[in-house]
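From these two lone chains plus the hints, build me the complex, please.
Residues per chain are reported as follows:
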Amino acid sequence: QKEVEQNSGPLSVPEGAIASLNCTYSDRGSQSFFWYRQYSGKSPELIMFIYSNGDKEDGRFTAQLNKASQYVSLLIRDSQPSDSATYLCAASNTGFQKLVFGTGTRLLVSP
Amino acid sequence: NAGVTQTPKFQVLKTGQSMTLQCAQDMNHNSMYWYRQDPGMGLRLIYYSASEGTTDKGEVPNGYNVSRLNKREFSLRLESAAPSQTSVYFCASVNTGGVYEQYFGPGTRLTVT
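Going down the list, the sequences are from chains S and P.
At the far end of the first sequence sits residue 111, using the numbering used here, and the numbering has no gaps.
At the far end of the second sequence sits residue 113, using the numbering used here, and the numbering has no gaps.
The set of hints was computed from the structure by calculation and includes no laboratory data.
Beta carbons are placed, not taken as given, at the ideal position from N, Cα and C, and that holds for glycine.
Treat the hints with care, as some may be off.
Simulated crosslink set (DSSO-like; lysine-lysine; CA at most 27 Å straight-line) [unchecked claim]:
1. S:LYS98 to P:LYS71
2. P:LYS9 to P:LYS57
3. S:LYS42 to P:LYS71
4. P:LYS9 to S:LYS56
Chain P stretches covered by chain S per the calculated footprint, using a threshold of three residues with CB under 8 Å from any CB of chain S [claimed, not checked]:
5. 15 to 25
6. 65 to 72
Bound-form chain P, shown alone (with noise of 0.2 Å):
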């Protein structure tokens, strides 16, 4: 198993360019995360998605959107990238089997400048 893979790894974007960060599981788990994690803020939960078809706002979603694809993929998208959206970004997914124990991602590290 690959367990939770995002792609790109690494991205440079300028100010108002779009872009999308993509997120597979292969661990046939329900709920899927993002996150974002600046120095000194430690993780923050963007938006999650409890099960395919289901998508909801975290802490911090103003600036981003999602898609769940299908059980396997959720993407989350940069409409309009600013300065402040420069950060890591970690995909995670849940194994619902009673303890909520989450996979993270690789993580893609986002510089806009």
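In isolation and in its complexed conformation, chain S is listed as follows (with noise of 0.2 Å):
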């Protein structure tokens, strides 16, 4: 078992709708979280970290955690055709620098 787990997707929102884009992880431990996104053929970029439980807002984006269920999540809000990419999501243990990652997400914004 992977031990951050993602829906690979497609996700398929209209124009303007909200995406939410889900990730559980297995390991306990994890203390933080990132959110990539990758668009077709390019590397990894980051758009949101977050270790602390609730909800973190950077523009269209919210990042939400909750470490009892093990759960993270993405919300895009006002979604764009430019957003359709692949969202990867990330954990790392506190004290490692080492990130593992799910297999991504992958969604797609239609005009």
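This is the structure we're talking about:
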């Protein structure tokens, strides 16, 4: 069983809608969580990180963390076609510098 | 700043050939990483270097060797390439200022025939 699980998708949403991307993790020692966006043929780029329970907002993006449920999510408000990409969830155990990545969820935003 | 750079961008090898993938960062990061990315498998850690002079195995180290040449450079060597090593390879470096945010290079697309 992979330590970080994501639905591979594709998740299809219309332009302007809210896209909700989900991720679960198995290692209860995980302390920091990251969302990366990866366009086809490109390298991952960091969108957000979160390490406290609750919500963290940055522009159109909101990351949510629930450590009791071992669940991380990313909400994208007012989705745009340019948001179409694969979103990678990653977890890090405090004291280590290694990230464990999920396989990613492909998001398609239609005009 | 160029960030994280990788060479080459593309490479085709025959089975049994060797090659070295180069990675350099100019952000004064202590830690550097090599990942491979395969369809449906996500990013998997091959080796990492927490600091200059140290290297450690990741999830899939077999068939690879690494060298942390100095603080800036971290190379990945395939001694005898196999078709199973066909993949996209990413180098990354980490800002260890508290959050471990990783910055990725542009990747090397390797095909082994």
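Structure-based check of all given hints:
| no. | hint | in the structure |
| --- | --- | --- |
| 1 | S:LYS98 to P:LYS71 | holds (18 Å) |
| 2 | P:LYS9 to P:LYS57 | holds (24 Å) |
| 3 | S:LYS42 to P:LYS71 | holds (25 Å) |
| 4 | P:LYS9 to S:LYS56 | violated (36 Å) |
| 5 | 15 to 25 | violated (count 0) |
| 6 | 65 to 72 | violated (count 0) |
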